[in-house]
Amino acid sequence: MRRVSKAALTAALAATALTFSLAACSDDEGDKPDAAGSEVEVFTWWASGSEKLGLDALVKVFNTQHPDVKFVNGAVAGGAGSAAKELLQTRLQQKNPPDTFQAHAGAELTDYIKAGQLQDVSNLYDEFKLRDAFPADLVNRLTVDGKIYSIPSNIHRANVVWANPSVLTGAGLDATATYATIADWMTAMDKIKASGKTPLSVATTWTQVHLLETVLLAELGVDGYSGLWDGTTAWDGADVTGALTTFQKLMSYTNTDRDGLDWPEATQLVMDGQAAFNVMGDWAVAAFEEADKTAGTDFTYFPVPGTDGVFDFLADSFTLPVGAPHPDGAKAWLETVGSLDGQTAFNKAKGSIPARTDAKASDFSEYQQTAITSFGQDKIVSSLAHGAATPIAWLNKISEATSKFTTGATDLAGFQAELATAAQG
Amino acid sequence: MRTYKRWLPPLLLISPTLVLLSVFVYGLLAVNVQTSMTDNHTSAQAAGVEPSVFVGLQNYLDLLGSDSFQHSLKNLLLYTVVFLVGTMAFGFLWAWLLDRPMRFEGIFRSVYLFPMAVSFVASGVVWRWLLNSNQGEQASGLNRLFQIVGLDFLQNNWWNNNSVGITAIAIPAIWQLSGYVMALFLAGFRGIPEELREAARVDGATEWKLYRHVLFPQLGPVALSAVVIIGHMSLKAFDLIMAISKPANYQTKVPAIDMYQLKASFDYASSAAVGSILLVIVAVLIIPYLVHLAREGRR
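Chains as they are written, first to last, in our numbering: chain A, 11 to 435; chain B, 463 to 761.
Looking at chain A on its own, in the form it has when it is part of the complex:
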């Protein structure tokens, strides 16, 4: 008996000691002394496809511009960035931030700014002479209370329709026609519906919100649309009711399996000739090109009807978190991100366009050239579905209301009331 209890005692003590020593071990981790600036951990959700290619191209430029700084890839795959954002939120909460992270420029940064997790980088704008390189419209949009918290790496356009010309001609339509209003566009959709194809392909909730934003933009105009985000346009107004009615009608032209798809599958429907139109941001062009489709013959694109002359923008950007372990490394990275070489190399591979106005258009593909022209001359508005227009919580409320509406759980009045409530925060 005595011996047994002694053995038990030893075992228990050993187990306890082990637990504590394990805890002590994990404390030491990450405290290794490192010369500041010797490396930079770049946190992104660019882990595959054209995004990965873009990142690789950017890293190549970075390595030539800053050969002394080691690039550490902190890319997290999954869920179009949602997995990365989850992890980022946790890391920032634990005060263990990466040296720099990717974020959509605009209102999506508000949450991090309010939480005191981002540093003002406006001095870097002066240092790297970025104020003149980016359009003033864009810099204004990034400025919060006189401070700028991120440096944009690329610009995307959200209000683009991708179409399959052979489906259009098959339905007896002119494949080169453009439509002045959504109403005209829906007249064409009636014909496509009659031909047995899906007139408009759409995917899960966020793509429906994406569609909704372009409808709001088309029906309310630039000022009315932008007013939704700063409170000058009333969500319960009659013009919003009109736009939502149009949205409801547009949704009736869409594929029934939408909620199970993500954007590549919806775009694929257009490529495969099962659907005529798809409203998606211009990252879709990379998907068409990957499938060896030629612009003009295999697919066409035009701004969402009613939004011609408007550039519904979203941008990826890089930040400098408070407490970044290697702030000098991060600054080196931000310099590359803002530089002409960096932006040209990155955007050529990713399919987006540079935020800098001095990039040579001839370096880019046919679609990108049209986007560069539009970005230079169009009115710029912020995208809702991609975090440029609203903070995350507001967007999530709009998404839930939209999903509720498109699955038939609310009627139009209920939908509008929920959108109005969401706007009150």
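Keep in mind that the hints were calculated from the coordinates and are not lab data.
Predicted model, so just to flag it, every value in this text is computed and none were measured.
Any given hint could turn out to be false.
Claimed, not checked - Straight-line distance between alpha carbons at most 25 Å, and here's what the computed DSS-like set of lysine-lysine pairs gives:
id	chain 1	residue 1	chain 2	residue 2
1	A	105	B	536
2	A	157	A	124
3	B	725	A	124
4	B	725	B	536
Chain B: place on chain A using the hints.
This is chain B only, laid out in the frame that chain A set:
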């Protein structure tokens, strides 16, 4: 001195577990409940830059009063009922069939058990395609199968039905876990001594009477365990729904999905409140079972 030696070593032996449990389970439960009673609804409060104040049960009242959360609770109830009834029915049926002496029993047993080895996420990807909601010309998956075998009227939009769509997600769950329930019941059947069957037969019981009066009553504890295990799995349903549907899809929302979505919106207080509500629901199922087990043990 004597008593000291009696209780100290065992206590030391379990102390690491005790410490870990009290910190990481019960301690965090307490933090969760505490968070759920504050107005911690923004990123600034979550990061501790702005203060949060105690609001009592306000978050719970707001949640339980909202249409959206009631919809989640209703979905959860529907899912649990269908999942439970389905697994119990199939599990019992298969166990009953396999209990009779038959050829290839081992093969059948493996076939029924195999789906359990697949992760919900992996099978969810396949089932998302099977449960495609397109009908008519563009149908695929099960709807296409119905067309091929001439049962067109069975086509439906599966989980995209706003009121009962969640029950479609219970189908893969039933497929995966019926085998497990079967194994439980089969063990239950095999645990009944052969003598009881023989005695019943000697007394002239028919095969049906034998099951009805001798075997089924002895399966009570097994059935209870199965209900508790399947029930609590169903209450925590998350991965399968994430794999088949999307978190933002209103029609397939359950409380665990809400918790995830609210957390992503920096609404930590409401997210914690959903967590607490889920805990209470699971506790309602588990505690009576534990009490029952404790009583059995004492007897």
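Here's how the hints hold up against the structure:
1. In summary, the hint linking residue 105 of chain A to residue 536 of chain B is not supported, as the alpha carbons are separated by about 39 Å, beyond the 25 Å threshold.
2. Pair hint residue 157 of chain A plus residue 124 of chain A holds up; C-alpha atoms about 13 Å apart against a cutoff of 25 Å.
3. With a C-alpha separation of about 17 Å, the suggested pairing of residue 725 of chain B with residue 124 of chain A holds against the 25 Å cut-off.
4. With a CA separation close to 21 Å, the supplied pair residue 725 of chain B and residue 536 of chain B stays within the 25 Å bound.
Hint compliance for this structure: hint 1 is the single one not met.
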